[in-house]
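Novice: The residues making up each chain are set out below.
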Amino acid sequence: MLATRAFSLIGKRAISTSVCVRGGHGVAKVEDYTLPAYFDRRETPLPEIAYVQTLTPEQKALKEKEKGSWAALSNAEKVALYHLSFKQSFAEMNQGTGEWKSVVGGIMFFVGLTGLVVLWQRKYVYGPVPHTLDPEYKQQELQRMLDMRMNPVEGFSAKWDYENKQWKK
Amino acid sequence: MSLAKPMMRGLLAKRLRFHLPIAFGLAFVAAVAFKYTVTEPRKRAYADFYKQYDAVKEFNAMREAGVFQSVRPSGE
Numbered sequence: 001m002l003a004t005r006a007f008s009l010i011g012k013r014a015i016s017t018s019v020c021v022r023g024g025h026g027v028a029k030v031e032d033y034t035l036p037a038y039f040d041r042r043e044t045p046l047p048e049i050a051y052v053q054t055l056t057p058e059q060k061a062l063k064e065k066e067k068g069s070w071a072a073l074s075n076a077e078k079v080a081l082y083h084l085s086f087k088q089s090f091a092e093m094n095q096g097t098g099e100w101k102s103v104v105g106g107i108m109f110f111v112g113l114t115g116l117v118v119l120w121q122r123k124y125v126y127g128p129v130p131h132t133l134d135p136e137y138k139q140q141e142l143q144r145m146l147d148m149r150m151n152p153v154e155g156f157s158a159k160w161d162y163e164n165k166q167w168k169k
Numbered sequence: 170m171s172l173a174k175p176m177m178r179g180l181l182a183k184r185l186r187f188h189l190p191i192a193f194g195l196a197f198v199a200a201v202a203f204k205y206t207v208t209e210p211r212k213r214a215y216a217d218f219y220k221q222y223d224a225v226k227e228f229n230a231m232r233e234a235g236v237f238q239s240v241r242p243s244g245e
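As they're listed, the protein sequences go chains Z and G.
Residue 1 is where the first sequence starts when you use the working numbering, and the numbers rise one by one after that.
Residue 170 is where the second sequence starts when you use the working numbering, and the numbers rise one by one after that.
In short, the hints are calculated from the structure, not lab data.
Positions of the beta carbon are idealized from the N, C-alpha and C atoms, including for glycine.
One or more of the hints may lead you astray.
To be verified - Calculated pairs, BS3-like style, for lysine-lysine (alpha carbon to alpha carbon, straight line, at most 25 Å):
1. Lys-174(G) with Lys-159(Z)
2. Lys-67(Z) with Lys-87(Z)
3. Lys-183(G) with Lys-159(Z)
As the list claims (entries may be wrong) - Label-pair ranges, simulated between beta-carbon atoms:
4. Leu-113(Z) with Gln-238(G): 47 to 53 Å
5. Met-108(Z) with Gln-238(G): 51 to 57 Å
6. Trp-167(Z) with Phe-193(G): 41 to 47 Å
7. Met-176(G) with Trp-120(Z): 58 to 64 Å
8. Ile-191(G) with Leu-35(Z): 48 to 54 Å
9. Leu-181(G) with Met-108(Z): 22 to 28 Å
10. Glu-209(G) with Arg-41(Z): 18 to 24 Å
11. Leu-113(Z) with Ile-191(G): 41 to 47 Å
12. Val-153(Z) with Asn-229(G): 18 to 24 Å
13. Gln-95(Z) with Phe-187(G): 33 to 39 Å
14. Lys-183(G) with Pro-47(Z): 26 to 32 Å
15. Met-176(G) with Gly-155(Z): 42 to 48 Å
Chain Z on its own, in the form it takes in the complex (with noise of 0.2 Å):
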């Protein structure tokens, strides 16, 4: 017992004058980004801290008044106690900013761009197009499918004329 009673004694100095043998490394310092922090946001109605920390003698007193019956407060008060508590009301919060534009914009700029882009490719990097693009290879292929009848009902040979060799009026 009387070592249990010696070393509360030493243990508490110990752990003091340990921290500062440490040289004050015993706590880690309390970066910005890990505290609770202040959001608007429609999705989270009530942010972790209130907007306004340090609170000047006014607004001291305004929380002070805040403890005692609300209706006693006039609509000023109410007003400023929200403001003290929130940044942006649920409307001012809500707004939107116009960045579409902005979006759209950019987005019809580097379309043109890369067509442009195409463009040179087209012209500069591709070989030629096979031959069965050529205008009679087409004309050839355009009388067989009509030979062949395709879609005769409602769609190709549909609009050709068999008697008259033409398409139809």
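Chain Z is fixed; fit chain G onto it per the hints.
Specialist: The following block gives chain G in isolation, referenced to the frame of chain Z:
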């Protein structure tokens, strides 16, 4: 300055009660419109085509054009 308590429940039910009849109605209208602008004309077109269709004549015309492999045109 006390506001009325807002609607807390039944929000989805209210939305469905309004939008579901509209959705069903529009779907029905789309189906009816498709039937009478697409399928009925198509059925009529096929019926009219086959009323005056001579299969043998068409076959001979195709044969003379040379599209078949089993029968060559009558000239060869």
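Novice: Decide, hint by hint, whether the structure agrees.
Specialist: How the hints compare with the structure:
1. A hinted pair counts as satisfied when its Cα atoms are at most 25 Å apart, and Lys-174(G) with Lys-159(Z) does not qualify at roughly 68 Å.
2. Between the alpha carbons of Lys-67(Z) and Lys-87(Z) the distance comes to roughly 21 Å, so the proposed pair stays at or under 25 Å and holds.
3. Annotation: proposed proximity of Lys-183(G) to Lys-159(Z) is violated, straight-line Cα distance about 53 Å (limit 25 Å).
4. Distance hint for Leu-113(Z) and Gln-238(G): a CB-CB separation of about 51 Å, consistent with the stated range 47 to 53 Å.
5. Taken as a hint, the range 51 to 57 Å holds for the pair Met-108(Z) and Gln-238(G), whose Cβ atoms sit roughly 52 Å apart.
6. Evaluation of the 41 to 47 Å hint for Trp-167(Z) and Phe-193(G) yields a pass: the beta carbon distance comes to about 44 Å.
7. Judged by the Cβ atoms, the range 58 to 64 Å given for Met-176(G) and Trp-120(Z) holds: they are separated by roughly 59 Å.
8. The hint said 48 to 54 Å for the Cβ distance between Ile-191(G) and Leu-35(Z), and at roughly 50 Å that hint holds.
9. Range check, Leu-181(G) to Met-108(Z): Cβ separation about 38 Å, and the 22 to 28 Å hint is violated.
10. Checked against the hint of 18 to 24 Å, the pair Glu-209(G) and Arg-41(Z) fails, with Cβ atoms roughly 55 Å apart.
11. Checked against the hint of 41 to 47 Å, the pair Leu-113(Z) and Ile-191(G) passes, with Cβ atoms roughly 43 Å apart.
12. Between Val-153(Z) and Asn-229(G) the C-beta distance comes to about 20 Å, which sits within the given range of 18 to 24 Å.
13. Hint check: Gln-95(Z) to Phe-187(G), Cβ distance near 27 Å, so the stated range 33 to 39 Å is violated.
14. Between Lys-183(G) and Pro-47(Z) the C-beta distance comes to about 30 Å, which sits within the given range of 26 to 32 Å.
15. In this structure the supplied range 42 to 48 Å is violated for Met-176(G) paired with Gly-155(Z), their Cβ-Cβ distance being about 55 Å.
Hints 1, 3, 9, 10, 13, 15, counting from the list given before, are not met by this structure.
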